[in-house]
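K.L.:
Chains A and B, in that order, are what the protein sequence lines are.
Per this note's numbering, the very first residue in the first sequence carries number 1; after that it's consecutive.
Per this note's numbering, the very first residue in the second sequence carries number 1; after that it's consecutive.
Take these hints with a grain of salt, some might be off.
Identical copies carry no separate label here, and so any pair may be met within one copy or between two of them.
Unchecked claim - Pairs of lysine-lysine residues, derived as BS3-like cross-links and limited to a Cα-Cα distance of at most 30 angstroms, are as follows:
| # | residue 1 | residue 2 |
| --- | --- | --- |
| 1 | Lys100 | Lys69 |
| 2 | Lys2 | Lys69 |
| 3 | Lys100 | Lys5 |
The hints are simulated quantities; they were obtained by calculation from the structure and are not laboratory data.
All values derive from a computational prediction rather than experimental measurement.
2 protein chains.
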Amino acid sequence: MKFSKKSEYGLRALLELCETYGGRVLQRHEIAERQNIPVEFLEQILLALKRAGLLASRRGIRGGYSLIKSPEEITLGQVIRILDGPLAPISCVSKTAYQKCSDCPYAAKPSCPLQQAMGEVRDAIANILDHYTLSRFAHNNLVEGS
Amino acid sequence: MKFSKKSEYGLRALLELCETYGGRVLQRHEIAERQNIPVEFLEQILLALKRAGLLASRRGIRGGYSLIKSPEEITLGQVIRILDGPLAPISCVSKTAYQKCSDCPYAAKPSCPLQQAMGEVRDAIANILDHYTLSRFAHNNLVEGS
DNA sequence: AAAATCTTGAGCAACTCACTAGACATCTAG
DNA sequence: CTAGATGTCTAGTGAGTTGCTCAAGATTTT
């Protein structure tokens with residue numbers, strides 16, 4: 001029950017990109033150095049976020065990455081789902097990627113004890129992460145700097 | 001962000017063991033068949049639960065496993081922590097297995113934006129799972145049968 | 001002693017994490 | 001307007017973990 005490094009790195013990278021939102025682009029090695037992330041692994045993460053429509057990139061000598069959506073529009077839940085897949089602790093309670101569990105004997109019956117408990121967990125997690133925007137996330141960061 | 005199969009199987013096995021609590025023992029193959037779990041994998045899980053003090057086992061021709069604690073005393077949180085490790089989504093917010101994140105640039109500073117969000121998630125998950133007892137869990141099961 | 005069961009350990013395939021090497025695109029210098 | 005420096009992008013590799021299997025050993029009852 002952990003988030004992957006991918007999500008953690010991805011969020012920390014976005015934190016960095018928030019600070020230059022609207023301004024200049026950031027290069028992968030800048031982000032990597034400041035956040036202590038392996039550059040090549042970070043690359044994969046940034047590309048995934050780009051394919052998902054959160055980032056834009058430019059190649060060449062003055063290339064780099066920049067946020068394409070405003071920090072208010074991006075939630076932690078979105079980011080984690082892009083990098084880590086659905087939030088649901090087991091797939092039979094996922095709202096974004098539901099999948100009937102094939103092996104469970106309760107699958108056929110109207111309700112499953114696991115589903116009820118895990119459904120509550122899912123909702124609790126989603127409630128927090130889908131209302132936590134990047135701007136609020138990054139803002140905490142700035143405040144503590146003062 | 002998923003629970004492992006280990007936890008899922010473990011909980012479903014305990015569900016089965018709740019029903020015979022105080023009565024006869026259950027053999028691994030009985031549990032495995034009813035819950036559609038690979039027998040040999042289930043074995044490892046049952047042994048882990050035994051080592052943790054939840055189950056007792058007897059070898060030999062009338063052997064099997066039985067619950068050693070009452071279903072009211074066992075919470076889903078306990079079980080998952082035994083089989084899956086700490087509940088915290090990242091280790092720097094774990095209460096049962098705290099670990100200072102070595103690579104994070106905020107580790108030194110008084111607060112980290114990730115920590116705040118993840119701490120809320122941790123609390124939400126723990127709040128649900130540490131108050132959900134096996135008896136309540138199993139009870140839902142019986143009710144839906146009627 | 002024999003049969004049924006738990007117990008232990010090693011071993012395998014698939015996935016995640018971290019990293020490497022090289023292809024491809026873009027800008028600047030000459 | 002071409003050469004090379006500086007980027008992004010793609011594919012592949014190896015360590016470590018997870019989900020699962022197999023085989024041999026230990027213990028209890030008949």
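K.L.:
Name the hints, by number, that the structure is in violation of.
P.N.:
1
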